[in-house]
Each structure stands twice: as C-alpha cells, then as structure tokens.
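Chemist: If you read the protein sequences in the order shown, they are chains A and B. Here my numbering is used: the first residue of the first sequence is 48, the next is one more, and so on. Here my numbering is used: the first residue of the second sequence is 48, the next is one more, and so on.
Honestly, the hints are just simulated from the structure, not real lab data. Treat the hints loosely; a few may be bogus.
A pair counts as met if it fits within one copy or between any two copies, since identical chains are not told apart.
[To be verified] Only pairs whose alpha carbons sit at most 27 Å apart, straight line, appear in this in silico DSSO-like list of lysine-lysine: (1) K303 - K127; (2) K477 - K307; (3) K177 - K143; (4) K452 - K56.
The structure presented is a predicted model; accordingly, all values stated were derived computationally and were not measured.
There are 2 protein chains.
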Amino acid sequence: MENKKIPYKIYLEESEMPTSWYNLRADMINKPAPLLNPATGQPLSAKELSAVFCDELVQQELDDTTPFIEIPEEIRNFYKMYRPSPLVRAYCLEEKLQTPAKIYYKFEGNNTSGSHKLNSAIAQAYYAKKQGLKGVTTETGAGQWGTALSMACSYLDLDCKVYMVKVSYEQKPFRREVMRTYGASVVPSPSETTEVGRKILAEHPGTNGSLGCAISEAVEVAGKDPNYRYVLGSVLNQVMLHQSVIGLEAKKAMDKYDIKPDIIIGCAGGGSNLGGLIAPFMGEKIKGQADYRIIAVEPASCPSFTRGKYAYDFCDTGMICPLAKMYTLGSGFMPSPNHAGGLRFHGMSSTLSQLYDDGLMEAVSVEQTEVFEAAVQFARVEGILPAPESSHAIRVAIDEALKCKETGEEKTIVFGLTGTGYFDLFAYEKFNNGDMSDYIPTDEEIAASLANLPKV
Amino acid sequence: MENKKIPYKIYLEESEMPTSWYNLRADMINKPAPLLNPATGQPLSAKELSAVFCDELVQQELDDTTPFIEIPEEIRNFYKMYRPSPLVRAYCLEEKLQTPAKIYYKFEGNNTSGSHKLNSAIAQAYYAKKQGLKGVTTETGAGQWGTALSMACSYLDLDCKVYMVKVSYEQKPFRREVMRTYGASVVPSPSETTEVGRKILAEHPGTNGSLGCAISEAVEVAGKDPNYRYVLGSVLNQVMLHQSVIGLEAKKAMDKYDIKPDIIIGCAGGGSNLGGLIAPFMGEKIKGQADYRIIAVEPASCPSFTRGKYAYDFCDTGMICPLAKMYTLGSGFMPSPNHAGGLRFHGMSSTLSQLYDDGLMEAVSVEQTEVFEAAVQFARVEGILPAPESSHAIRVAIDEALKCKETGEEKTIVFGLTGTGYFDLFAYEKFNNGDMSDYIPTDEEIAASLANLPKV
C-alpha cells in the first residue's frame, strides 16, 4: 500500500547515499565458481591475479564472505557528481499503456558516459591510482565503458589506453571523441601494437574486430608493463560489487515510500547492471525475507542465459584470460552483424550464472525490432531516448505491464534504465527507416561455437 | 555566510517547484519595445499576431503588467519528467582552480533535447493543442530547439514540422534522427516546399541555409494553414517568461541554503536561457532589493550586444517576420563558417536588450578556442561534457573565479549550464585535433550588415 503520494522522481539526499557496497556473494549459499588458470586448471591465486588486476580489486574479486565493503570517501565524492540517480515513477507510460501496474525505473544515464558504467570505472581507477600505477588499459565495444573509464582516469590524472573494437571506432566517431576529450588514447582493435593483435590481423586481414579480441590486446599490454593494470567493465565479481550502488539506492528510495516491487527487470550482457540492480533484493530473496520475480533480458541474437551452456570458458577470443564458469555461447561466438548496440558478450557474470542455475532468477530473450518499438514508445511518453541495451528491459517491463492490464493485477514493476541512446542514432535511423532486421542464431551455430569450450 | 553544508547538487522537492512563471517585464521600469508590423510601422495588435502565434501565447507576448502567470497543471506535470534541474556546487572545479570563489551552476541538460529549450517547447505546444490546432512549425539550427519541440509535440500528439538549416541537417544526422524518432517531419532549409525557400534557392543555388531563412519558411507555412501556428525557441517575450522556471528554481534552491550570488553569468544567443536564469534576480535588482553583477556572454563571432546596434530590425532573413527592437548585427548577418554550435542569431531578445541598454547588465564576448579550453577543463573535473553554447558561460565563470584567486575574494558565482555537448562532437574533434580557429568580424563587415536596417 502506498502511504504517501509518490513523486515522479525519487531522489535520495546525499546523506542517504550508500557508504558501503553490498557483496551479494557473501549471502549466496552456492558461491560463484572461482576463476581458473587456463594453463593449470587450478583456481587463480591472488598473486597470479595481481599481474593483471590491482591488488585491492583482486581482494574484492576473491572475497565471497564480507557482506559490506566500505566505499572510500574519494569515490563517494565522485559519486556525488552524478549520483544519487533518480528512481522514476513512469506515470506517463502507465497512462499510455492503460495498465493498473505501477512501473518504476532506476535511471543511470544522467552522466556523460551515458550509462551506469561510471560506478565501477571510478572504483577501478581509484584503486589503480592508490597503488601508485601510471595507468590502466581496457577494451570497449559500444563505447559506454571506455567513456566511463576515460572520465574516471581524467578525474584522477591516470593514463588510460582504450582498445576499441575497430568497427565501433569507425562507426562511432563521437564516442571516440568523447574519450579523447577526456584525455584517453583510443586504439582501433585489432591493432599492430600487440602480439595478439598482429596475429589476428595476419590471420584475418580486414577484420572488423570483436570485444573478445580487444580484451586480449588490453590484457597483453597491461601484463607487459608493471605500471599498468587491466580493468574490465562487466562480468567480474568486483564489477557486480561496485554496481550494487544501483540496487542499494533503488531499495532505499523504495523503502522511503513503502514500495514493494513484485518484478525486477534488467537487461543482461555481461551482467553488470542487472547484478547491481538486483543485489539487495536478491539478498533478501536468498535469506527468505522477501520474494521477487527477477528477470534477466538478453538479445535473441546473443542468448547466453537462454541458449548457452553453464561451463568454464575463456573470457576473450585470444584465450589469454582466466577461465570463468558461466553461461556461455563459446568464446568464439559473435552476434550477427545486424545486431545493434551492446549486450554482445558471449558469456555472463559467474555470480548471475550461479543464481540463474540455482533457479533464483528467470531469463528471457527478445528480438531487436520489438526492442526498438518499446524504445520509441518509451521515449515518446517518458521523454528519455533510451540506449538499445536498456530498451531490452523496457520491452519486458511493457510486456509485464500489459499482462497486468489483462488480469487487472496492480503489480509493481521496477526496471533498470541503464543509459541513454544519444550515441546510437544510426540504429534508431535504421529503425525509423524500417530497415532494422532480427536474427536468431541457429542451433547449429551455437553448437559449433560451444564445441570449442576448454576442457577443464 | 553558509549555515548548512552545501551538497554537491541541490534538488528541490517536486512540491517546491514553481507553480507560476515570473514575468519580469511587469517589474521593468522601461518596458521592452513592442513588435512592429513591417508594413505599417505600427505596433502589432493581438489580432495580427494571432495569425502566426497561438492566442494564449499572443496574450503572454503582449502582457507586460502581470508579474506571475500560472503554469497550467499539464505543463507542470511534463516539467516533472525532467525537472527540477539540479543546482550544482562545482566543488571539483573550485579545487582544480584553487580559487576561494564559490561556483554554482544550474544544469539544464538532463533531458533528451539536451538543453533548457524544453521548458518553452512544452508550453508553446500545450497552448497550440488547447486551441485545437493540428500542429506547429518551427526552425532549428544546432538542433536543440527542434528536438525539444518534437518531444513536446510527441507527448501531446501534435504534428510538428521542423525546418532545419541545411548544413546542420547534413552535418548533424543524429539530431535529425532524434526528431524523427519523436515523430517530427524534418525538412532541410531552404526547401522547395515554400515560396521564400524557392526564391532563396533560385537566388543562391547550393546555399547552406541560415537560421533566418529557416524561420521565414516555417512562418510562411504556418501562415498559410489555419490549423497550424509558428513557434520560436528564443528571442520572444513569451519564451523569456517560460524560461523563468530556471531562475525561479535556482533562486529557491539558493534561498534554502542562504546562498547569495555576487555574479550571475549566462551565455546569450537570442537570450532565452539568460533571460530565464536571471529573471527573479533582475526583478530584485530593479526593485532595489538586492544587487547582482549580471553578465551576458556571447561569441566574438556573433557579438550582438557588444558590437551591435540597438534598433528595430527583422527577426528573419526573408523579412516576413515582425520587427523587434533589439541589439542587432543586421538581419543579413551570418557568423563565419568556422563558428561551431549555436548562439548565431543576429539579434537579441527585446527584454534583455532593454535591460542592457538601461545598464542593468553587462556583456562580454569570447573567442571559441578559449571557450573550448574552458569546456574541456570543466568536463574533466565536473564530469559533464558541456554544449559549446553553455561553455561560453563556463569560460567567463572560470575567468571570474581566477580573478578571485588573485584578489582573495570569496565571491559566489552562478552560471547557467544550458546543455550537453553530446551532439557537438565534430566541434570537439576539431578542438582535440588542434584545428579549431577563431574569427572576429571586422568593423566593415558589421557596418555593411547594419546598413540594411529597416527604416522605422
């Protein structure tokens, strides 16, 4: 029951912002499987991981017992530049749909990276700076993560090298320029600057690049210079940890107004946004304190949860990264070229994979034409042009709200609006012109890609 | 003196949002000069104006006696989708500059139009809808206004025809696609769809178009169809009125924390943002209740305040619009092609022109290279990539803060951050590559343009 009139946007006070991240793994009964050394098949030690990641991030990566980890004051101050993010009551969308459902979204797009990625970027950059490093390397596909990391590094005066998937580098010059404006060096991948890049270029001249290949390059560069470390914007446990600010803020905002969600929906690529949004709710669910339907939404063209296999796999194409146990389509899987936007990683966060395997959450896949239909419907009534990624969640939120319309149920639906689509207008143009198409990989394609899983 | 710790961002509660616009003209001692009929040289009557503008907007245009005009509930609800906008304390910029000055900015960019333009777009669209019209026509240059109007029309289910300066139409395909996503029809101007367009094309085949020319086309189309009216995003009294929400919110947020600004700074093209931001402060200044330094910042390449003439002039190139008394460079004036972003209108709001002529505000002009330097400096510490237009205000805010550093004065500076630069990355790319140049028109150029002022 609603005790108070719910405003359009609920903003927490700065004093109400989280001071600790919530480490959901501490409350999980079945812990996510550890990262393995691909050479030995054994769990990676902190020492091994420290060659690639900053020391403090290694601790966070391995820690599955501490439920709350304090957010350093410097990071909290940076968060204040663009957080708290609003929890928005979608009154206009509800009216348009004529649904009795109550729809909320946590909007993470009000910053220049245009997405939630900044929440982890500043944390990872901070620990690198604290360790006295000179810089960090990373990869970016659609560009949100690279932009976020550039912003964080610029703020902390840290060097930032971004390997950007070549096709995105060429097709998204604006993303590239934002990163350069924030002082990052942006290299189209595959490049001649790394061994793995040269090898891939020799084998596939004229390739468009892929996220897995850009990861390989960024990891190689960080591994060869002791003043650099590699950072990653999704998939990892540490990223889920940092992104828990989304869920913690959302839950506090809901608690203030006695809002109890029935359904929580998020898009899922590597899982960073979804993992962050659901963290405190999932914690309650595991402890039996509350029940929620939790739905991961993925593209039908890259369906790791709904059609992948739960197994150990490489995180990168070059197969130089650790092995992670996850729902995967195989490290060689590539979404078809007509797929717009992100959510194109072949695997899924180990944490979310374990929760899904334990039956604690659901997953659905949706096709991109219906996703863009939802995006435009949303934009026209709620005013925000959503990112293609976020629009996957919008699609399912609308579908659930329409089910409520049929049944008359007044369910409360919350979804993550991870970002804005200002840099995705080529995709919107395609949709506006009626040129957007769908693609569902065949069983044979997925089986072929899964045939190359490493033997563990 | 500060009584409470000032947060990074001050958000008003929805219940604290303004319920009336503030009509500064009611408190002005010297009223802005009326619009004249170019054929007769006489002030335009409400009836004459009603052929072009909606009836209620005509009333607002002419009303210089009612200090507060109620904001209809429907508009207030729309405002709640993206307002209140935050008043941000620029702690990070202050630290970077090592200045004792306290810097604040009112950030209007957190909506898909990327600027403050939405504040007046929804008001103008609302009155058109209320009058039972089928649609509205307008022009857009850089694209913020066209996007804002598209969003408002889409929300109200109103037809929207945008004449977009041809060079922008071609160079800013993303802006065009946002408008199309919101259902607007976007026509590159000059076009074959109007008499004035055909005439200009015949005289200047291959022309890039101009704002003044796009205005002429939009006005012609609205004038010929009784189900349409023309709307304009700046310059007009009604626009200053709607934009007063910026200043009203800013003042209320400051009052909550006992913040008294010494200097208020805004960029000025047609004057909509500056007029809105300063409205309540200027009201106090006129009544002798407080004193503020108020600074308009304009591009050195389009210096209507600092080098223009205070005279009656046409608002459009086609000379079919009413005459307005304003600081003007002549209706044929065009900023040089290397000028990036907006702030390219040849004249200035009649309201602001009168205030400037009365000595109630100052004006300075700045060159674009120094503007982009300020933009990048700001982006790197405050996290927001600013619009080129807004960066004019940033430049002067930084300059004033650096003066405080020299003198040790703890002045409080407030500036308007009107929008984001996400659609201006070609300009940032130029700057990043060191290819940006400045241009200051010669005295002869300005004199030549002013020679064509209408005789009144």
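Chemist: Run every hint past the structure and note whether it holds.
Modeler: Status of the hints after comparison with the structure:
In this assembly of identical chains, the alpha carbons of K303 and K127 lie at most 27 Å apart whether taken from the same copy (20 Å) or from different copies (19 Å). For the identical chains of this complex, K477 and K307 are neighbours neither inside a copy (38 Å) nor across copies (50 Å), given an alpha-carbon limit of 27 Å. In this assembly of identical chains, the alpha carbons of K177 and K143 lie at most 27 Å apart only when taken from different copies (19 Å versus 49 Å within one copy). In this assembly of identical chains, K452 and K56 lie within 27 Å of each other by CA distance solely inside one copy; the values are 24 Å within and 38 Å between copies.
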